[in-house]
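Protein chains: 2
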Amino acid sequence: MSEIIIFGHKNPDTDAIGSAIAYSYLQNKLGLQTKAVALGEAGDETKYALDHFGLQHPEIVERLENPGDPVMLVDHNEFQQSIDGIEDAEILSVVDHHRIANFETSNPLNFRAEPLGSTCSIVYKLFKENQIDISQDIGGIMLSAIISDSLLFKSPTCTPTDAEIAKDLAEIAQVDLNTYGLDMLRAGTNVDKFTEEEILEGDAKTFEMGESTVRIGQVNVVDIQDVLKRKETLIHEMEKLSTANNYGLYLLVITDILESNSQGLVVGSQLEAVEEAFATGIENHEIALEGVVSRKKQVVPPLTEALS
Amino acid sequence: MSEIIIFGHKNPDTDAIGSAIAYSYLQNKLGLQTKAVALGEAGDETKYALDHFGLQHPEIVERLENPGDPVMLVDHNEFQQSIDGIEDAEILSVVDHHRIANFETSNPLNFRAEPLGSTCSIVYKLFKENQIDISQDIGGIMLSAIISDSLLFKSPTCTPTDAEIAKDLAEIAQVDLNTYGLDMLRAGTNVDKFTEEEILEGDAKTFEMGESTVRIGQVNVVDIQDVLKRKETLIHEMEKLSTANNYGLYLLVITDILESNSQGLVVGSQLEAVEEAFATGIENHEIALEGVVSRKKQVVPPLTEALS
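Respectively, the protein sequence lines represent chains A and B. Residues 1 to 308, numbered by UniProt numbering, are exactly what the first sequence covers, in order. Residues 1 to 308, numbered by UniProt numbering, are exactly what the second sequence covers, in order.
Among these hints, one or two may not hold up.
With a straight-line Cα cutoff of 27 Å, these simulated DSSO-like cross-link-like pairs (lysine-lysine) come out [stated by the list, open to error]:
#1 B:Lys193 x A:Lys167
#2 B:Lys35 x B:Lys10
#3 A:Lys29 x A:Lys125
#4 B:Lys193 x B:Lys10
#5 A:Lys128 x B:Lys128
#6 A:Lys125 x B:Lys240
#7 B:Lys154 x B:Lys35
#8 B:Lys193 x A:Lys128
#9 A:Lys125 x A:Lys167
#10 A:Lys167 x A:Lys154
#11 B:Lys10 x B:Lys154
#12 A:Lys128 x A:Lys29
#13 B:Lys193 x B:Lys240
#14 A:Lys231 x A:Lys35
#15 A:Lys128 x B:Lys167
#16 A:Lys47 x A:Lys297
#17 B:Lys47 x B:Lys125
#18 A:Lys35 x A:Lys125
#19 B:Lys125 x B:Lys10
#20 A:Lys125 x B:Lys231
#21 B:Lys128 x B:Lys154
#22 B:Lys125 x B:Lys154
#23 B:Lys29 x B:Lys128
#24 A:Lys154 x A:Lys128
#25 B:Lys29 x A:Lys128
#26 A:Lys297 x A:Lys231
#27 B:Lys29 x A:Lys125
#28 B:Lys125 x A:Lys29
#29 A:Lys29 x B:Lys154
Don't read these hints as lab results, they were simulated from the structure.
Generate coordinates for the entire structure from the input sequences, incorporating the hints supplied.
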C-alpha cells in the first residue's frame with residue numbers, strides 16, 4: 001500500500017490543517033505510514049499557530065495522484081469540499097464534526113463523527129483511547145484548532161468537552177490559553193492586505209441545498225467595517241464568482257470575533273430563502289445576522305431548510 | 001424530548017435487532033430514554049436467539065410517528081433501508097459496519113462506523129469505552145448477532161476483533177460458542193415452510209448502483225437444492241417484485257452456511273453487468289458465486305463497480 005495521505009477540506013482553516021497533522025502523527029504512532037497534506041495554503045491565523053509551535057506547513061496537493069489511492073479525511077466529509085478525484089479514492093477513515101452529506105463509499109470504513117466544536121477535540125479523544133502521548137507541538141496545533149473553531153469558546157458549536165480538552169492541551173502546549181488564543185485569532189483578522197477574492201474565498205465552502213449550489217464564505221474581523229467599507233467591490237466579485245461557478249447563492253458572513261456578531265453580504269436568485277432562513281430582510285445585498293458566529297450551526301441548517 | 005427510538009434496517013436480521021436492543025440498553029444506562037424497535041418481524045434465527053436469552057421481540061414500527069422525532073440508527077445508514085420518513089427525523093447517532101451511502105443530515109451527529117464483522121462488535125466496544133457492564137441476556141443477543149453476521153466466523157467480513165469479542169461474550173452469556181452458534185444458525189435455515197416471497201424478501205436490501213435500483217436477497221441454507229428445487233416459481237416471483245417496485249435487477253444469493261458457498265438467481269435487464277461483476281456466466285437465470293458468503297463484502301462492491 002502506498003503512503004496514506006490525510007487532509008482536511010479545501011480552503012483549509014486551522015482545524016483542517018491541525019487535525020490532519022495531529023491525526024497523521026497518531027496513525028504513524030499506531031504503525032501506519034501516513035502524511036498530512038493540505039488542499040490549499042493556510043491563512044495567517046494558521047501560519048501563526050504553525051510558527052508558534054515550530055511545525056511545517058503541510059505539502060499542498062490539489063488532486064488525487066492515482067485512482068484508488070488510500071486516503072483519510074479529517075474535518076470534512078462532503079465530496080465537493082474534498083480533494084479533486086475523491087470519488088476514485090479508497091477512503092480508509094473519516095474524523096469529522098460536521099453534518100454528513102454527499103459522501104459515499106463502496107466499502108465499509110472507519111467513520112468517527114461527533115457533534116463537538118472541533119475535529120481536533122475528537123482526535124484528542126482518539127489519542128486517549130489509543131493511549132498515545134501528545135507531544136508539545138502536536139498539543140499546540142490541536143489547541144489552536146479548538147480555539148479557532150470555537151472563537152475562544154464563544155461559538156455555540158463549542159461544548160464543555162471542547163473547553164475541558166483545551167485546558168489539558170494548553171498545559172501540554174505550555175501556553176496561557178487566553179493570551180495565546182487572542183494573539184492567534186488577531187493574527188488572522190488583518191483583512192486590509194487581502195484582495196476581494198481573498199476575503200471571499202479564504203474560508204469559503206460549497207453546499208448543495210435543495211436544487212441550489214450555495215457558496216458560503218466567512219471572514220473573522222475585530223471591526224466589521226474593515227470589510228463593509230469595500231462592499232461595492234465585494235458584491236461585484238461575488239457576482240463574478242457566482243457566474244463563473246454556477247453558484248445559485250453566494251453569502252459572505254463577516255464575523256466580529258470580539259462581539260460575537262455577524263453581518264452578511266449576499267448575491268443570488270433566491271434571496272427570499274435567505275430572508276426566510278434568518279427571519280430578517282435583505283437591504284441592498286446586506287443582511288444582519290445577529291449573534292451568528294458559526295457557519296455550521298447558525299447558517300447552514302436554516303439555509304438548508306429554507307432551500308429544501 | 002420524546003423517547004428516542006433505536007432501530008436496525010428493514011427486513012431485520014439478528015444483528016439489526018440485537019444491536020438495537022443492546023445499544024438501547026447502553027444508552028439508557030448512560031441516562032437517555034430510548035426504546036429498541038424493529039422495522040419488521042424477526043426471522044426464525046433471531047427468534048431462536050431472543051427466546052434463548054429470554055428477550056422480547058421489539059415492538060414493530062413502520063414509519064416515523066412525527067417529523068422531527070429523535071432517532072438512532074444501528075446496523076444501517078442508507079435511507080432506503082431505514083424507517084419510512086427518515087428524511088424528516090432528527091438523527092442523533094448511527095452505529096454501523098456497512099458502507100456509507102445515501103445518508104444525509106442537516107446537523108452534526110454521532111456517527112460511529114468501523115469495518116468490523118457485526119454492528120454488535122462496535123456496540124461491545126462502546127460498552128467498554130463507557131465502562132458499562134454487559135448483562136447475560138444482552139451479552140447473549142450480541143453474541144448471536146456476531147455469529148449470525150459472520151456465519152460462525154467463516155465470512156470474510158469477520159475480523160480477529162469480532163472473534164475475540166465473541167469469545168468474551170460467550171462467557172458473559174454462559175453458552176458454548178460452537179454448539180450454540182450451530183443450533184442458532186440451523187434454526188434459521190428451514191426454508192420449506194417459507195413462501196417464495198419469504199425466501200426472496202426475508203433478508204433483502206435495496207441498493208442504488210449507478211442508474212439502477214438493485215434488490216439483493218440472501219437466504220442461508222444447509223443444502224442449496226432446498227431452494228433451487230423451487231427455481232421456476234422463485235424466478236416468476238422475482239419478476240413480479242421487480243415490475244412492482246421498479247428494480248432494475250433482482251439477485252437472490254442462496255448461501256450454504258456449512259460449505260461457505262453460494263448460488264445466485266438473477267432477473268433484470270443488466271445481466272452482463274452481473275456476469276462482469278462475478279467474472280462468470282449466467283445460465284438460465286443461475287450464476288455460480290463460488291466462495292461467496294457475504295453480500296456486503298463479496299456482492300455489493302463488485303456489482304456497484306460493474307454498474308457504475
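Each hint tested on the structure:
| no. | hint | verdict |
| --- | --- | --- |
| 1 | B:Lys193 x A:Lys167 | 63 Å, violated |
| 2 | B:Lys35 x B:Lys10 | 17 Å, holds |
| 3 | A:Lys29 x A:Lys125 | 15 Å, holds |
| 4 | B:Lys193 x B:Lys10 | 22 Å, holds |
| 5 | A:Lys128 x B:Lys128 | 14 Å, holds |
| 6 | A:Lys125 x B:Lys240 | 51 Å, violated |
| 7 | B:Lys154 x B:Lys35 | 32 Å, violated |
| 8 | B:Lys193 x A:Lys128 | 52 Å, violated |
| 9 | A:Lys125 x A:Lys167 | 14 Å, holds |
| 10 | A:Lys167 x A:Lys154 | 15 Å, holds |
| 11 | B:Lys10 x B:Lys154 | 25 Å, holds |
| 12 | A:Lys128 x A:Lys29 | 13 Å, holds |
| 13 | B:Lys193 x B:Lys240 | 21 Å, holds |
| 14 | A:Lys231 x A:Lys35 | 40 Å, violated |
| 15 | A:Lys128 x B:Lys167 | 26 Å, holds |
| 16 | A:Lys47 x A:Lys297 | 26 Å, holds |
| 17 | B:Lys47 x B:Lys125 | 25 Å, holds |
| 18 | A:Lys35 x A:Lys125 | 20 Å, holds |
| 19 | B:Lys125 x B:Lys10 | 24 Å, holds |
| 20 | A:Lys125 x B:Lys231 | 53 Å, violated |
| 21 | B:Lys128 x B:Lys154 | 26 Å, holds |
| 22 | B:Lys125 x B:Lys154 | 22 Å, holds |
| 23 | B:Lys29 x B:Lys128 | 13 Å, holds |
| 24 | A:Lys154 x A:Lys128 | 26 Å, holds |
| 25 | B:Lys29 x A:Lys128 | 23 Å, holds |
| 26 | A:Lys297 x A:Lys231 | 25 Å, holds |
| 27 | B:Lys29 x A:Lys125 | 21 Å, holds |
| 28 | B:Lys125 x A:Lys29 | 21 Å, holds |
| 29 | A:Lys29 x B:Lys154 | 32 Å, violated |
In the structure shown, a violation is registered for the earlier hints numbered 1, 6, 7, 8, 14, 20 and 29, in ascending order.
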